[in-house]
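Protein chains: 2
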Amino acid sequence: MVDVHAAVASYWAAADARDWGRFADLLAPDVLYEMPQSRERVQGRAAYLRFNVEGFPGDWRITVERIVAEGRHAASRIRLSEPAGVGIGITFFELDDAGRIARITDYWPEPYDPPRDRAHLVERF
Amino acid sequence: MVDVHAAVASYWAAADARDWGRFADLLAPDVLYEMPQSRERVQGRAAYLRFNVEGFPGDWRITVERIVAEGRHAASRIRLSEPAGVGIGITFFELDDAGRIARITDYWPEPYDPPRDRAHLVERF
Chain F
1 MVDVHAAVAS YWAAADARDW GRFADLLAPD VLYEMPQSRE RVQGRAAYLR
51 FNVEGFPGDW RITVERIVAE GRHAASRIRL SEPAGVGIGI TFFELDDAGR
101 IARITDYWPE PYDPPRDRAH LVERF
Chain E
1 MVDVHAAVAS YWAAADARDW GRFADLLAPD VLYEMPQSRE RVQGRAAYLR
51 FNVEGFPGDW RITVERIVAE GRHAASRIRL SEPAGVGIGI TFFELDDAGR
101 IARITDYWPE PYDPPRDRAH LVERF
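Going down the list, the sequences are from chains F and E. According to the numbering used here, the first sequence is numbered sequentially starting from 1. According to the numbering used here, the second sequence is numbered sequentially starting from 1.
No lab work stands behind these hints: they were computed from the structure. Careful: at least some of the hints might be erroneous.
To give an idea of the interface, some chain E residues facing chain F are shown, with a C-beta separation under 7 Å as derived from the structure [said to hold, decoys possible]: (1) Ser38; (2) Arg45; (3) Asn52; (4) Val53; (5) Pro57; (6) Val68; (7) Ala69; (8) Glu70; (9) Ala75; (10) Ile90; (11) Pro111; (12) Leu121.
Every value quoted in this text rests on a predicted model; they were computed, and no experiment measured them. We put the CB at the ideal spot given by N, CA and C, even for glycine.
Next up, chain F with everything else stripped away, as it sits in the complex (with noise of 0.2 Å):
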């Protein structure tokens, strides 16, 4: 039986050591990425390797607010600090027979301004 959530904590902490050796051995031959956001799609080990090794050259570092995993599938929530700011990262991952992650999909959520309508039936922070 796999190890679902440190499987997922593996992954965030070889992206985050940019170990990209050990990242790569998380993932499945045919894994598939997918951010619905941006309707955004990498198909591969080779091609989401280059994906994240290319795509994203900055000075950013990782941190797991929380992982939750059951069966195959887990959930992830990230902050991903850059010299620009702080960003959430949740992701939805599937492993396979294998125990290899076979699909991610990807959420950027990004803030925005609270709905004036309900604003009697909130606090702010």
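Mind docking chain E on chain F? Use the hints.
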């Protein structure tokens, strides 16, 4: 042992059915609801019921895409269908000792344009 996965499934089923009695029964009296993107917060069961009943009067339906639960924590991804369109909601849950939902953290990721500087590293869908 509380079935956290089932509690979250009941939460969404009750909301979709506007069964606010059943919905309230799932909540801790001091439930804390937060939307970090807009920095809105609702504290307590009565206020959170009011927020749902008065804040969202429209003709929406909820479809659960994924629930992942581990220990006292869970994450879910839903589709919220309204006449105006479909949105994605991602929610993190934490349950108390009595198995009631004590903390709810909600994200509503919006579509965005893909960055051009990584266009050579991705496909579109």
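Against the structure, the hints come out as follows:
Checking serine 38 of chain E against chain F: minimum C-beta separation of about 4 Å stays under 7 Å; hint holds. Given hint, arginine 45 of chain E at the interface with chain F, is violated; its Cβ is 14 Å from that chain's nearest Cβ, farther than 7 Å. A hinted interface residue such as asparagine 52 of chain E counts as satisfied when its beta carbon comes closer than 7 Å to some beta carbon of chain F; here the least separation is about 9 Å, so the hint is violated. Hint status for valine 53 of chain E relative to chain F: violated, with the closest Cβ pair at about 10 Å, above 7 Å.
The restraint placing proline 57 of chain E at the interface with chain F is violated, with a minimum CB-CB distance near 10 Å, outside the 7 Å limit. With a cut of 7 Å, the hint placing valine 68 of chain E at the interface with chain F holds, because the nearest CB-to-CB distance is about 5 Å. With a least beta-carbon distance of about 5 Å to chain F, the hint placing alanine 69 of chain E at the interface is held under the 7 Å criterion. A hinted interface residue such as glutamate 70 of chain E counts as satisfied when its beta carbon comes closer than 7 Å to some beta carbon of chain F; here the least separation is about 5 Å, so the hint holds.
Here the hint on alanine 75 of chain E is kept, as its CB sits about 4 Å from the closest CB of chain F, short of 7 Å. With a cut of 7 Å, the hint placing isoleucine 90 of chain E at the interface with chain F holds, because the nearest CB-to-CB distance is about 5 Å. The restraint placing proline 111 of chain E at the interface with chain F holds, with a minimum CB-CB distance near 5 Å, inside the 7 Å limit. Checking leucine 121 of chain E against chain F by beta carbon gives a least distance of about 5 Å; that is within 7 Å, so the hint holds.
Checked against the numbered hints above, the structure breaks hints 2, 3, 4, 5 and satisfies the rest.
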